[in-house]
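Enquirer: Chain residues, written in single-letter form:
Number of protein chains: 2
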Amino acid sequence: MVSIKDVAKEAGVGLGTVSRVLNNKGAVKESTRLKVERAIEALQYRPNEVARSFKMQQTQSIALIVPTIWHPFFSKFAYHVEWELSELGYKMILCNSQNEAEKEINYISMLEKNKIDGLIAITYSHDIDQYISSHLPIVSIDRHFTEDVVYVTSDNESGGKQAATELMNRGSSQLAYMGSISDIENESMKRRKGFEQHVKAQGASYSILELKEPVQDIEQEVRRFIVDQPEIDGIFAMNDKWAKIIIHVLKSLGRSVPSEVQVIGYDGITASKEDELTISTIQQPIEQMAKEAVKAVLNIILKEEVEASIVLPVSFYNGTTTR
Amino acid sequence: MVSIKDVAKEAGVGLGTVSRVLNNKGAVKESTRLKVERAIEALQYRPNEVARSFKMQQTQSIALIVPTIWHPFFSKFAYHVEWELSELGYKMILCNSQNEAEKEINYISMLEKNKIDGLIAITYSHDIDQYISSHLPIVSIDRHFTEDVVYVTSDNESGGKQAATELMNRGSSQLAYMGSISDIENESMKRRKGFEQHVKAQGASYSILELKEPVQDIEQEVRRFIVDQPEIDGIFAMNDKWAKIIIHVLKSLGRSVPSEVQVIGYDGITASKEDELTISTIQQPIEQMAKEAVKAVLNIILKEEVEASIVLPVSFYNGTTTR
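Respectively, the protein sequence lines represent chains W and A.
What the first sequence shows, in the numbering used here, is residues 995 to 1317, in sequence order.
What the second sequence shows, in the numbering used here, is residues 995 to 1317, in sequence order.
Keep in mind that a hint or two might mislead.
What the hints assert, rightly or not - Below, a list of computed lysine-lysine pairs in the DSS-like style, where the Cα atoms sit at most 25 Å apart:
| hint | chain 1 | residue 1 | chain 2 | residue 2 |
| --- | --- | --- | --- | --- |
| 1 | W | K1235 | A | K1267 |
| 2 | W | K1029 | W | K999 |
| 3 | A | K1267 | W | K1206 |
| 4 | A | K1285 | A | K1109 |
| 5 | W | K999 | A | K1245 |
| 6 | A | K1235 | W | K1235 |
| 7 | A | K1107 | W | K1109 |
| 8 | A | K1187 | A | K1238 |
| 9 | A | K1107 | A | K1187 |
| 10 | A | K999 | W | K1289 |
| 11 | A | K1245 | W | K1097 |
| 12 | W | K1285 | W | K1238 |
| 13 | W | K1097 | A | K1187 |
| 14 | A | K1107 | W | K1245 |
| 15 | W | K1107 | W | K1289 |
| 16 | A | K1097 | W | K1285 |
| 17 | W | K1245 | A | K1289 |
| 18 | A | K1187 | W | K999 |
| 19 | W | K1238 | A | K1235 |
FYI, nobody ran anything at the bench for these hints, they're computed from the structure.
Next up, chain W with everything else stripped away, as it sits in the complex (with noise of 0.2 Å):
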């Protein structure tokens, strides 16, 4: 049987492309409708006319798409989202996109088809923006897109703040930034701003270390700033997993975490519901974020009204490497 992927591949587009021509809504540039619709033509492909008729009926499932589930963050979200989800009866697709886009294009196109209700995604890939529509019931976590998509963030720059404010509070003077920083625009560039902000305020000292992704080696360069700069003895880490490689660096040049020098993260999440945590760290309300995205998307499914933005607040927890 010829499916929607035959057609793309013939007519060389993406699936949403094919998706916005079989049901005539979205924006589609006449001459790329004129290929799909020879693609069509050329292969016989005959549309599921049962699944159409079933446009209106609702499925029950929202899909959720995570870069892998294999991950304390994405896990413990994609935990409270389907817990929740089923409390409201419904069910959760769940896709591993490994950031590529064709696989998250194709639960967009599913969301077109009506093959699903809504989709909640946490997605970094570059190709995606254009076949996200604010019409569709998509809920984003962390990442805005060109048209008005929902989403629901952790206060990042307040973290950022709370990060400075214990690190001064707690006896560090020579502060320093450390993370990565993404071309595509996301809610974590605000964790080094509210820090800056924080610190310059307070006419604090401090140092930046932000390199361009893909980082080939974190822990190399990490070691190169902070041989260069003895004097930092205060760092706010991206995230948990930074905060990671710079305690092994400080420790391995003999450095003493916290005594000598203070480090705080960004995320507080732990492998298991068993696990504690260690390190001190800004912790992201997972829990209620999922909460959060579970009732937007529902509510743009029952074209009520949502926020355009929903930014939840973040707490300092007091671990084993701040004094």
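Following the hints, put chain A in place on chain W, whose structure we already have.
Expert: Below, chain A alone, put in the same frame as chain W:
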């Protein structure tokens, strides 16, 4: 609208029972059938005819039940299951059961109503056995059911034997096994068995700490056991969680690991792809287990022949807790 849940509630039976009555398949006691039929009458329940006409059509979706996705074992397994299914054109619906039988039964009922094509289940709940039926496309991980359900597991017995061999080859002579035991028959019991048989065959000295689940305070029980038997110099733990607690207790008692006491766990799973293993352990082949589970459930759906049990080889990882 009256739902199947309302009927179940009214009749005082489970969803699976109502489903079996509606679909007229599977064994239902005559008195129970009457109760269900009366409830249907009383509530004027009408099954969704459109959905029923779809019965023979495949949904191209497989559900995966895990106790919680917020756990490295289950998230890594789910990662590979989803990836494999996606390659084959299937979607994965994820269910965190939290060991609640009701949630699990709901999925079995979906399977009976052809709302999903198949089910891969990691389940430890007590009440589910009666709902499982070998005529359904169900694949279980680690657990045996009364009914002849296909299961996939790692070679636990060989794992126990390997642990004993590695401890002895590396100089331990006073061995111990530590773990818990559930009253639900499962494959992990064979870890102890393989260990014990091999140690016995070698004529070595050993002792066993096996606690009935749920264990209130593993740390305290482990401490007492080790204090009572200070001669123990090689420990096989039922899993890495136990191994970590044992290592913690040993260190708190001033015992050096691995120079005085060697410890080997079971599982060998990191919290994400980027993390590295630290402790010595018997590694389960999670990726292969996921692939075999997917293959088996699809083969059942396609009425192909499937082995009743699929047992996959494990391997020893020589980490920081063996010499």
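Enquirer: If a hint holds in the structure, say so; if it doesn't, say that too.
Expert: Hints, one by one, checked against the model:
Proposed proximity of K1235 of chain W and K1267 of chain A is supported: the alpha carbons are some 13 Å apart, at most 25 Å. Using a Cα cut-off of 25 Å, the hinted pair K1029 of chain W and K999 of chain W holds, with the two alpha carbons roughly 14 Å apart. Restraint check for K1267 of chain A and K1206 of chain W: satisfied, since their Cα atoms lie roughly 22 Å apart, inside the 25 Å limit. Between K1285 of chain A and K1109 of chain A the alpha-carbon distance is near 23 Å, which keeps this suggested pair within the 25 Å criterion.
Using a Cα cut-off of 25 Å, the hinted pair K999 of chain W and K1245 of chain A is violated, with the two alpha carbons roughly 58 Å apart. With a C-alpha separation of about 22 Å, the suggested pair K1235 of chain A and K1235 of chain W falls inside the 25 Å cut-off, and the hint holds. At roughly 18 Å between alpha-carbon atoms, K1107 of chain A and K1109 of chain W fall within 25 Å of each other, so this suggested pair holds. Between K1187 of chain A and K1238 of chain A, the direct Cα distance comes to roughly 21 Å. Compliance with the 25 Å bound is thereby established for this hinted pair.
For the hint linking K1107 of chain A to K1187 of chain A, the alpha-carbon distance of about 40 Å lies beyond 25 Å, and the restraint is violated. A C-alpha spacing of about 23 Å is found between K999 of chain A and K1289 of chain W, which places the hinted pair at or below 25 Å, so the restraint holds. Between K1245 of chain A and K1097 of chain W the CA atoms are separated by roughly 47 Å; this puts the pair beyond 25 Å, and the hint is violated. For the hint linking K1285 of chain W to K1238 of chain W, the alpha-carbon distance of about 29 Å lies beyond 25 Å, and the restraint is violated.
Our distance criterion of 25 Å between C-alpha atoms is broken by K1097 of chain W and K1187 of chain A, whose separation comes to about 44 Å. Distance check on the hinted pair: K1107 of chain A and K1245 of chain W sit about 58 Å apart at the alpha-carbon level, beyond 25 Å; violated. Taking the CA atoms of K1107 of chain W and K1289 of chain W, the gap is about 22 Å. The hint holds against a cut of 25 Å. Only pairs whose Cα atoms come within 25 Å are accepted, and K1097 of chain A paired with K1285 of chain W is accepted, the gap being roughly 19 Å.
Among the hinted pairs, K1245 of chain W with K1289 of chain A is inconsistent with the structure: their alpha-carbon atoms are about 47 Å apart, more than 25 Å. Of the supplied pair hints, the one linking K1187 of chain A and K999 of chain W is violated, its CA atoms being roughly 51 Å apart against a limit of 25 Å. Annotation: proposed proximity of K1238 of chain W to K1235 of chain A holds, straight-line Cα distance about 21 Å (limit 25 Å).
In the structure shown, a violation is registered for the earlier hints numbered 5, 9, 11, 12, 13, 14, 17, 18, in ascending order.
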